[in-house]
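Undergrad: My request is simple: use the sequences and hints to build the entire structure.
Residues per chain are reported as follows:
There are 2 protein chains.
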Amino acid sequence: MSTTDFQQWMAGIQQRTEVALAANLPACDIAPTRLHEAMRYAVLGGGKRVRPLLVHAAGELAGAAPETLDSVACAVELIHAYSLVHDDMPCMDDDVLRRGKPTVHVEFDEATALLTGDALQTQAFQILSDTAFLDDPSRQLRMVELLARASGSRGMAGGQAIDLASVGKEITREELEFMHIHKTGALIRASVLLGAYCGNQVTPMLDSLDRYGKLIGLLFQVVDDILDARSDTATLGKTAGKDADQHKPTYVSLLGEPRARELADDLLAQALRVLEPLDGSALRLRELATFIVHRRY
Amino acid sequence: MSTTDFQQWMAGIQQRTEVALAANLPACDIAPTRLHEAMRYAVLGGGKRVRPLLVHAAGELAGAAPETLDSVACAVELIHAYSLVHDDMPCMDDDVLRRGKPTVHVEFDEATALLTGDALQTQAFQILSDTAFLDDPSRQLRMVELLARASGSRGMAGGQAIDLASVGKEITREELEFMHIHKTGALIRASVLLGAYCGNQVTPMLDSLDRYGKLIGLLFQVVDDILDARSDTATLGKTAGKDADQHKPTYVSLLGEPRARELADDLLAQALRVLEPLDGSALRLRELATFIVHRRY
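Protein chains in written order, with our numbering: chain A, 1 to 297; chain B, 1001 to 1297.
These are calculated hints, taken from the structure and not from any lab test. Do not rely on the hints blindly, as some may be mistaken.
Unchecked claim - Calculated cross-link-like contacts (lysine to aspartate or glutamate; reagent style DMTMM-like; alpha-carbon spacing at most 20 Å):
1) Lys169/A - Glu110/A
2) Lys101/A - Glu18/A
3) Lys1248/B - Asp109/A
4) Lys1248/B - Glu110/A
5) Lys1214/B - Asp1265/B
6) Lys169/A - Asp1109/B
TA: The structure is reproduced here in structure tokens:
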């Protein structure tokens, strides 16, 4: 299959995700207008939409309808967006640039950024619990629980806490991996599983998809560390070199860049291998894994 | 029914809520330990537990099992607790005292307070979507959605945003009411409805309970404004007189204290009236309404 075909598929999902997000966020003319403006600012018009792409790729494989997947894609992307808004705040990473634009607390103010993150998280759960999108309340409830577990103190938010505690410290590779499995990995893994849950052919492939999701989550972070060390701010759309400036342990600081790249190649090979038994070898998931390694921002 | 009986009932619910909250929060020895310690610090060992009391009162009336109501009580209390942690942060109300203890960002640090609030919100949705507690996934899913709508940008978080925007401004009584219906009212109303949803005799009383929930939400805030103006820090367990110091519009600043008290009496009378058609005249809900008016903190 050609690269062009993947590019078109990806652009199509990104576009429909943008439309779905715009429809799922309250309009700017609904009170409180400034909060709704900030929520839309934080979410719309940027981002690679890696998690929505994973939702759709896994969902297509499981035979789910694209409209159903749109809701799930919005929910995971809003969780991701909320975490970025809070992570950028002065008391956390104190960053001024995100997706090439001023961060929410810079463009609006700190209090608005705090409430924006809060309300985006709630909106994610509202979308996923909306009774309209899946005709199986029992499965849908399990999906809400899965998203909550992936996002909370033993998932993404917990990973952020470990990240904070590790600044300026020497940590082992095991500790670094533990942090990333939570901070980035949990939501990426959940994206794959939630997409698959929307289809009817999910059960036989769940184990493979779960292993794929875990590998791809770690892979994403290893590549992120390499990009942060190597790339420039204009390309990334966020401040480059921050990890080193803040003395954050990364795969690059721990292993050196050549070995971090080897690790990325190895994780990619493992991820492709777990997909082999799947239908059509799970084309889009294969392509996405490769995309995650070769992305430039 | 005697006051003593109500006091005993209330103490019983508060106690079982404390036990349920302790069981529903991750233990301090689970990583990330500092985050879990902060989550428990923010939630346990304090608070009037007004929302859990409303959950149980409405739930008892609808014939729900106390164990089922415990889960719902925890979910609403965690949403309330998360909002307090974030509301106390320097970029919001900048308060150092809550429930007689240093606020989370004072006792820990700002970043931990931010993540604590985030993770408490997630935990609320995790508890409410746990498939173990209600044998009716369709109803449970509606409950998750109801909690999300009550908490988000068109509910509690939206009310906080309106509150922020109103500091130092002249606002009308209608605007003040609009703010409070969102900021405090939405979650209090949701507590009543969520409790009732756990029972099997809910449908005929839903309209009355909804009206009661709305009235009691507003009543709670009017009394809060009077207490903030009248009481002292030691009694309240949080900094008294902050509204006036921060030039926040309140029912006292807008109407004066005597008319604010009249309004509270009037709202109480209305709340008791809407309960009249209900079974046993909804004893606990009546008592709770009276308690909310006569509380000292």
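Undergrad: All the hints need checking, so say for each whether the structure fits it.
TA: Cross-check of the supplied hints:
1. For the proposed pair lysine 169/A and glutamate 110/A, the alpha carbon gap of about 28 Å is over 20 Å, so the pair is violated.
2. Under the criterion of a C-alpha separation no larger than 20 Å, the hint pairing lysine 101/A with glutamate 18/A is consistent with the structure, at around 17 Å.
3. Of the supplied pair hints, the one linking lysine 1248/B and aspartate 109/A holds, its CA atoms being roughly 19 Å apart against a limit of 20 Å.
4. Only pairs whose Cα atoms come within 20 Å are accepted, and lysine 1248/B paired with glutamate 110/A is accepted, the gap being roughly 19 Å.
5. Only pairs whose Cα atoms come within 20 Å are accepted, and lysine 1214/B paired with aspartate 1265/B is accepted, the gap being roughly 15 Å.
6. Using a Cα cut-off of 20 Å, the hinted pair lysine 169/A and aspartate 1109/B holds, with the two alpha carbons roughly 18 Å apart.
Hint violations for this structure: number 1 only, all remaining hints satisfied.
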